[in-house]
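Let the sequences and hints guide you as you build the complete structure.
Protein chains in written order, with this note's numbering: chain W, 7 to 242; chain H, 96 to 300; chain E, 88 to 409.
Just so you know, these hints were derived from the structure itself, not from any lab.
Heads up, some of the hints might be wrong.
[To be verified] Below are the PhoX-like pairs computed for lysine-lysine, each with C-alpha atoms no more than 20 Å apart in a straight line:
| no. | chain 1 | residue 1 | chain 2 | residue 2 |
| --- | --- | --- | --- | --- |
| 1 | W | Lys-107 | W | Lys-81 |
| 2 | E | Lys-165 | E | Lys-337 |
| 3 | E | Lys-94 | H | Lys-102 |
| 4 | E | Lys-394 | E | Lys-381 |
| 5 | E | Lys-394 | H | Lys-212 |
| 6 | E | Lys-148 | E | Lys-407 |
| 7 | H | Lys-232 | H | Lys-151 |
| 8 | W | Lys-147 | W | Lys-135 |
| 9 | E | Lys-337 | E | Lys-148 |
| 10 | E | Lys-381 | W | Lys-186 |
| 11 | E | Lys-165 | E | Lys-148 |
| 12 | H | Lys-102 | E | Lys-394 |
| 13 | E | Lys-299 | E | Lys-222 |
| 14 | E | Lys-394 | W | Lys-198 |
| 15 | E | Lys-249 | E | Lys-337 |
| 16 | W | Lys-17 | W | Lys-147 |
| 17 | W | Lys-107 | W | Lys-135 |
| 18 | H | Lys-212 | E | Lys-299 |
[Unchecked claim] Example chain E residues on the side facing chain W (calculated, C-beta under 8 Å, incomplete):
| no. | residue |
| --- | --- |
| 19 | Thr-206 |
| 20 | Gln-208 |
| 21 | Val-263 |
| 22 | Met-323 |
| 23 | Pro-341 |
| 24 | Cys-348 |
| 25 | Thr-363 |
| 26 | Gly-398 |
Backbone N, C-alpha and C define an ideal beta-carbon position, used for all residues, glycine too.
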Amino acid sequence: MSARCPQCGFKADLLTETQFHTCSQCGAGFRVYDGLGISEQYIRHDQNDAFAWEALLGVLDAEGCRHPEQPGDIKFGYHPFWFADLSDGNISFCPASSMPKGFPLPSMAPVGALEFTSKSLRFPQASLKPETLMTSESGIKRLRLLQIPLYLISYQVASEDYQATVSGSTWQTYTSSLPKETGIDVPLQRVKFLGVYMTSLFLSGLLAPNFAWRAVAFIIIVTIAWSLDRSGVKRG
Amino acid sequence: MADAFVKIVPLICGRCSQRMTAQREQVVYQCGTCGSSWELRAGLISARPVIHLSGKGALLLPFWNARFQMTCEVGNVVDLSGFLPLCGSVKQPGDKGTQPLMLNIPAFALPPHQAVKLARNMLVRFPVFGQSRAVDKPFEAVTLAESDIHTLAELIVLSAIVEKRRSNPNFLTSFSVQLYDSQLVTIPFDRDGNRYNQVDLNLEV
Amino acid sequence: MATIVFKCPLCGAPFEFTEGDHVSLCQFCGATSAIAGDTGIPRLLIPERIDLNDARAALRKLLANEGGSEFAASFNFKGGTLYFLPYWRIHGKAIGWQWSERETYSEEVDYDEKGARCTRQVKGPNERIFSLIAKPLDFASPAGDFTVFGRVRAGLAGSVLKCEVMDYPSAAARGVVVDPLKGVAQARQEALAMSLESAGAEGSIRRESRVKISSEWLSLLYYPVWSLQFARGDSMYPVVVDAVNGEVVKCHFPLEKERKCFLPLALISLILLGWTTMPVAGVAFTLLAAFIFKWQTGSLEISDIVKLLTGIPERGAGVKRG
Numbered sequence: 007m008s009a010r011c012p013q014c015g016f017k018a019d020l021l022t023e024t025q026f027h028t029c030s031q032c033g034a035g036f037r038v039y040d041g042l043g044i045s046e047q048y049i050r051h052d053q054n055d056a057f058a059w060e061a062l063l064g065v066l067d068a069e070g071c072r073h074p075e076q077p078g079d080i081k082f083g084y085h086p087f088w089f090a091d092l093s094d095g096n097i098s099f100c101p102a103s104s105m106p107k108g109f110p111l112p113s114m115a116p117v118g119a120l121e122f123t124s125k126s127l128r129f130p131q132a133s134l135k136p137e138t139l140m141t142s143e144s145g146i147k148r149l150r151l152l153q154i155p156l157y158l159i160s161y162q163v164a165s166e167d168y169q170a171t172v173s174g175s176t177w178q179t180y181t182s183s184l185p186k187e188t189g190i191d192v193p194l195q196r197v198k199f200l201g202v203y204m205t206s207l208f209l210s211g212l213l214a215p216n217f218a219w220r221a222v223a224f225i226i227i228v229t230i231a232w233s234l235d236r237s238g239v240k241r242g
Numbered sequence: 096m097a098d099a100f101v102k103i104v105p106l107i108c109g110r111c112s113q114r115m116t117a118q119r120e121q122v123v124y125q126c127g128t129c130g131s132s133w134e135l136r137a138g139l140i141s142a143r144p145v146i147h148l149s150g151k152g153a154l155l156l157p158f159w160n161a162r163f164q165m166t167c168e169v170g171n172v173v174d175l176s177g178f179l180p181l182c183g184s185v186k187q188p189g190d191k192g193t194q195p196l197m198l199n200i201p202a203f204a205l206p207p208h209q210a211v212k213l214a215r216n217m218l219v220r221f222p223v224f225g226q227s228r229a230v231d232k233p234f235e236a237v238t239l240a241e242s243d244i245h246t247l248a249e250l251i252v253l254s255a256i257v258e259k260r261r262s263n264p265n266f267l268t269s270f271s272v273q274l275y276d277s278q279l280v281t282i283p284f285d286r287d288g289n290r291y292n293q294v295d296l297n298l299e300v
Numbered sequence: 088m089a090t091i092v093f094k095c096p097l098c099g100a101p102f103e104f105t106e107g108d109h110v111s112l113c114q115f116c117g118a119t120s121a122i123a124g125d126t127g128i129p130r131l132l133i134p135e136r137i138d139l140n141d142a143r144a145a146l147r148k149l150l151a152n153e154g155g156s157e158f159a160a161s162f163n164f165k166g167g168t169l170y171f172l173p174y175w176r177i178h179g180k181a182i183g184w185q186w187s188e189r190e191t192y193s194e195e196v197d198y199d200e201k202g203a204r205c206t207r208q209v210k211g212p213n214e215r216i217f218s219l220i221a222k223p224l225d226f227a228s229p230a231g232d233f234t235v236f237g238r239v240r241a242g243l244a245g246s247v248l249k250c251e252v253m254d255y256p257s258a259a260a261r262g263v264v265v266d267p268l269k270g271v272a273q274a275r276q277e278a279l280a281m282s283l284e285s286a287g288a289e290g291s292i293r294r295e296s297r298v299k300i301s302s303e304w305l306s307l308l309y310y311p312v313w314s315l316q317f318a319r320g321d322s323m324y325p326v327v328v329d330a331v332n333g334e335v336v337k338c339h340f341p342l343e344k345e346r347k348c349f350l351p352l353a354l355i356s357l358i359l360l361g362w363t364t365m366p367v368a369g370v371a372f373t374l375l376a377a378f379i380f381k382w383q384t385g386s387l388e389i390s391d392i393v394k395l396l397t398g399i400p401e402r403g404a405g406v407k408r409g
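This is the structure:
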């Protein structure tokens, strides 16, 4: 089998059937898919699930959406994408492996510093072929496999399931659908407070012998309730 | 990271090893000491021969001179007898009919529109110059690089073909110009305030 | 046009030249040198002028100015990274031609059977316009999808600020040097499309053009931006700060206004005061309360009444950029 080095174009006879090769001419490491030499690059990233979750909550908050009651299920991993420089000067970007259903995908490669992969690093393999995905009429000038760190988050709001993808390089969040706008969640504490307040007003109103007494009693109750409210009773 | 660098090349004359001076946008450099001309080719200072054409005038203006052929709807146009009818000219080329087509593109600093106008006028008047005997005379700074003359050449030839270019878009899309044997020449002009005059050609810039 | 600083090959002093120049003079030794840019694409960098603390301070200032100091204090700083974003800079001349065909109409005055005057539009011959295009081109285009960073004005800054030659190890030690993913061919197409757009051929039914870039000076310019993260509660908010001028380019901090707590309590007591006195007073005081509610909040919707009673904070536009 022979393949061309994606860095220097040197055509090398490959003696082994392994996927990883080193160019004898320029020393660049590259992978071979279907006889095609491809450079594989990745965006370095240290996993931080808490950050990804907070990034998603920030987006929900900014969009005025309801927050999930419980933390979502977060799966971190590198996902391979094909990135092609086409001969007409345009570029093409598409997933190189099938993603779990429902998760939105970045439409363009996330911003980051790309590093070449090496034998010692283990990344998922491409399971989708680039030829079937590139529908462009112009040919592929240079093909790369980009390994992109992504957090796939599934969460529930009002017992409905939602999915979001957070890019590990810039914490950019991709969502296909968002939970509806914040509903009115009345805190129980507040209901109790209002209940006690109204009952005391009602009782004192009935018990007061005349309008003047009633008004005085009401002013006292309102003042007490207001000072309690300001001191934070409603927040528990 | 496939890095590529800008190279800073000191301007030192290849003949007499003296420092040369140049203006910001200059692409051909003249040695103030020995008068030779140089340019940057593949990052190296290389000689650029300059031909001085004879005529009346004290100021030498540089032009890129090149033979050209034109391809369009009607086929290849290679000489004046084919080109003049396209320009709508009633002038008879006479014995000049088989003369190759010549372009003189201003290589000195001139707004693009004026450069096109001047070159167009020179194209339709098909001047014939003699070569001057004088060598290495100082001339105006060259700011147009040889690699950029082709784009301008198409525009100049088109500007001469008035009728066709306006009425027929197919003519435009099939139109192209090929340049041959480009060389740097200087043509003497007279300076009159902000204007340049060429008496022999009845030209003014 | 950017001023670029290299080293003079003869004396080693800083050697400055302007983008697009072919020749420049060393200010120190007076030697003239030529600039050969055709050996490759120069990578230039605008150094960051503000550090992480300045970037944080810029955001805090914005939050305090637009949302108040209490609002600004409710956000905690979580971290920040410097990014160098690559932009294609194309400098040269757009040279070519444009041909367009446009329909023309003229108004003709006519009289109908009853002798009433009327005007009608008559189609004239198509107008064909040929124009020569020859104009300077100064264009910057992001070499990737930087929407996550908002509108960074790198092109403008690249025209006025001093650039340095990209020293990759030094830049990579300070921040993330983003790799260009968009090719220069695309940037060139954009630059030419822009030059055609400004050449004007509005309303044309057919258009042909051929424009090329002449005297091209191409470079990849890296522009610094700070990407910061701020948190409130368990939500994180990304912020982008221009690392050259300290401008907050992108952020969105929703504002939650605390509801007034006296108003609902007072209105409830007013209504109950009426109803515990006599039904007529009840109706009158309820109407009065509704009037005060409308006057204070501008609405009489059930959801607003419930929100006011339950003290759910009101959402405002907050502080938003980009």
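Cross-check of the supplied hints:
1. W:Lys-107 - W:Lys-81: Roughly 13 Å separates the two Cα atoms, so the pair holds.
2. E:Lys-165 - E:Lys-337: Measuring from Cα to Cα gives roughly 17 Å; hence the hint holds.
3. E:Lys-94 - H:Lys-102: 10 Å, holds
4. E:Lys-394 - E:Lys-381: 14 Å, holds
5. E:Lys-394 - H:Lys-212: Violated - the C-alpha atoms of H:Lys-212 and E:Lys-394 are around 74 Å apart, more than 20 Å.
6. E:Lys-148 - E:Lys-407: 13 Å, holds
7. H:Lys-232 - H:Lys-151: 15 Å, holds
8. W:Lys-147 - W:Lys-135: 16 Å, holds
9. E:Lys-337 - E:Lys-148: OK: E:Lys-337 and E:Lys-148 at ~14 Å, within 20 Å.
10. E:Lys-381 - W:Lys-186: Since the Cα atoms of E:Lys-381 and W:Lys-186 sit roughly 27 Å apart, the hinted pair is violated (cutoff 20 Å).
11. E:Lys-165 - E:Lys-148: Between E:Lys-165 and E:Lys-148 the Cα gap is close to 17 Å, so the pair holds against 20 Å.
12. H:Lys-102 - E:Lys-394: Not satisfied, since the Cα-Cα distance of roughly 68 Å exceeds 20 Å.
13. E:Lys-299 - E:Lys-222: 11 Å, holds
14. E:Lys-394 - W:Lys-198: 16 Å, holds
15. E:Lys-249 - E:Lys-337: 25 Å, violated
16. W:Lys-17 - W:Lys-147: 16 Å, holds
17. W:Lys-107 - W:Lys-135: Holds, at about 19 Å.
18. H:Lys-212 - E:Lys-299: 19 Å, holds
19. Thr-206: 50 Å, violated
20. Gln-208: 42 Å, violated
21. Val-263: 5 Å, holds
22. Met-323: This interface hint holds because 4 Å falls under the 8 Å limit.
23. Pro-341: 6 Å, holds
24. Cys-348: 4 Å, holds
25. Thr-363: For E:Thr-363, the interface hint holds, since the closest Cβ of chain W sits about 3 Å away, which is under 8 Å.
26. Gly-398: Check passed: Cβ of E:Gly-398 comes within 5 Å of chain W, closer than 8 Å.
Comparing the model with each numbered hint stated earlier shows that hints 5, 10, 12, 15, 19 and 20 do not hold.
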